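*Asks:* Residue numbers (our numbering): 1 to 238.
Honestly, the hints are just simulated from the structure, not real lab data. Quantities reported herein were computed from a predicted structural model and do not represent experimental measurements. Even for Gly, the Cβ is constructed at its ideal location relative to N, Cα and C. A few of these clues could be false.
Here are the simulated DSS-like pairs of lysine-lysine, each with C-alpha atoms no more than 27 Å apart in a straight line [what the hints assert, rightly or not]: (1) K183 x K224; (2) K224 x K235; (3) K125 x K165; (4) K118 x K165; (5) K190 x K224; (6) K225 x K125; (7) K234 x K190.
Taking CB as the label site, the calculated pair distances span [to be verified]: (8) P135 x R27: 17 to 23 Å; (9) E184 x E34: 35 to 41 Å; (10) E34 x G220: 43 to 49 Å; (11) A16 x V187: 33 to 39 Å; (12) P95 x Q232: 23 to 29 Å; (13) R229 x D22: 42 to 48 Å.
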Amino acid sequence: MQEQTLERILRQGLEARGLAPDELTLRRFRIYYENLESFNRVMNLTAITGEEDAARLHFLDCAALLDAAEPGEASLIDVGTGAGFPGLVLKILRPELKLTLLDSLDKRLAFLRDTCEKLGFEDVKLVHARAEEIPEGLRESFDFASARAVARLNVLCELCLPYVKEGGAFLAMKGPDAESEAKEAYVALKTLGGSVERRVDYDIPGTELRHCAVVIRKTGPTPKKYPRRWAQIKKNPL
1 MQEQTLERIL RQGLEARGLA PDELTLRRFR IYYENLESFN RVMNLTAITG
51 EEDAARLHFL DCAALLDAAE PGEASLIDVG TGAGFPGLVL KILRPELKLT
101 LLDSLDKRLA FLRDTCEKLG FEDVKLVHAR AEEIPEGLRE SFDFASARAV
151 ARLNVLCELC LPYVKEGGAF LAMKGPDAES EAKEAYVALK TLGGSVERRV
201 DYDIPGTELR HCAVVIRKTG PTPKKYPRRW AQIKKNPL
């Protein structure tokens, strides 16, 4: 029996990254995709639809984060997770990952709650909050934080680094402008206790797109006054 488009693209793309997806992994991606398509008909979760685009532009793009860090059994908070990218993709690929998904919109969390239930992930924690309003007990408590957002890196650092414990890392998914954003974020990094450790450039199989994952190591504590309120961050970014 011939593989469906989603499974075929994922198998080829993951194998090209040295990953060997088993049938459970591919089945979970199928469940994720179908639930995303279903919910997307009644709420705005993503502009990317269809098996080929979802496989390449969502799943394989997020999977490339494993080239930047192998989280394994580590704890990771996905800040502003939206429809679960990249956090839930990493959980499917590394089920032992201790995952927390944070988002400010309850309707997105309703989708994630339903999806996690269908995937059999009872251990994923869902947090309804704005990124800058760190819930009690979450400050500097994670091995990794991740973000796949359009905000500039200096802004993302203020929102995400406060969640990461010393020695951990913030994994920022960026486009081809990552180098200039990293230079722009110099003051933010110095202020927040972070340092760019490396960047991992990667191609998305089957496309001409080239993206980048920036690994920012947490080298010291983040001062308690950060993150500031969103209005301040937006008006006067570090």
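*Asks:* Decide, hint by hint, whether the structure agrees.
*Replies:* Quick rundown of the hints versus the structure:
no.: 1; hint: K183 x K224; result: holds, 24 Å
no.: 2; hint: K224 x K235; result: holds, 20 Å
no.: 3; hint: K125 x K165; result: holds, 18 Å
no.: 4; hint: K118 x K165; result: violated, 31 Å
no.: 5; hint: K190 x K224; result: holds, 15 Å
no.: 6; hint: K225 x K125; result: holds, 26 Å
no.: 7; hint: K234 x K190; result: holds, 19 Å
no.: 8; hint: P135 x R27: 17 to 23 Å; result: violated, 33 Å
no.: 9; hint: E184 x E34: 35 to 41 Å; result: holds, 40 Å
no.: 10; hint: E34 x G220: 43 to 49 Å; result: holds, 44 Å
no.: 11; hint: A16 x V187: 33 to 39 Å; result: holds, 38 Å
no.: 12; hint: P95 x Q232: 23 to 29 Å; result: violated, 39 Å
no.: 13; hint: R229 x D22: 42 to 48 Å; result: holds, 45 Å
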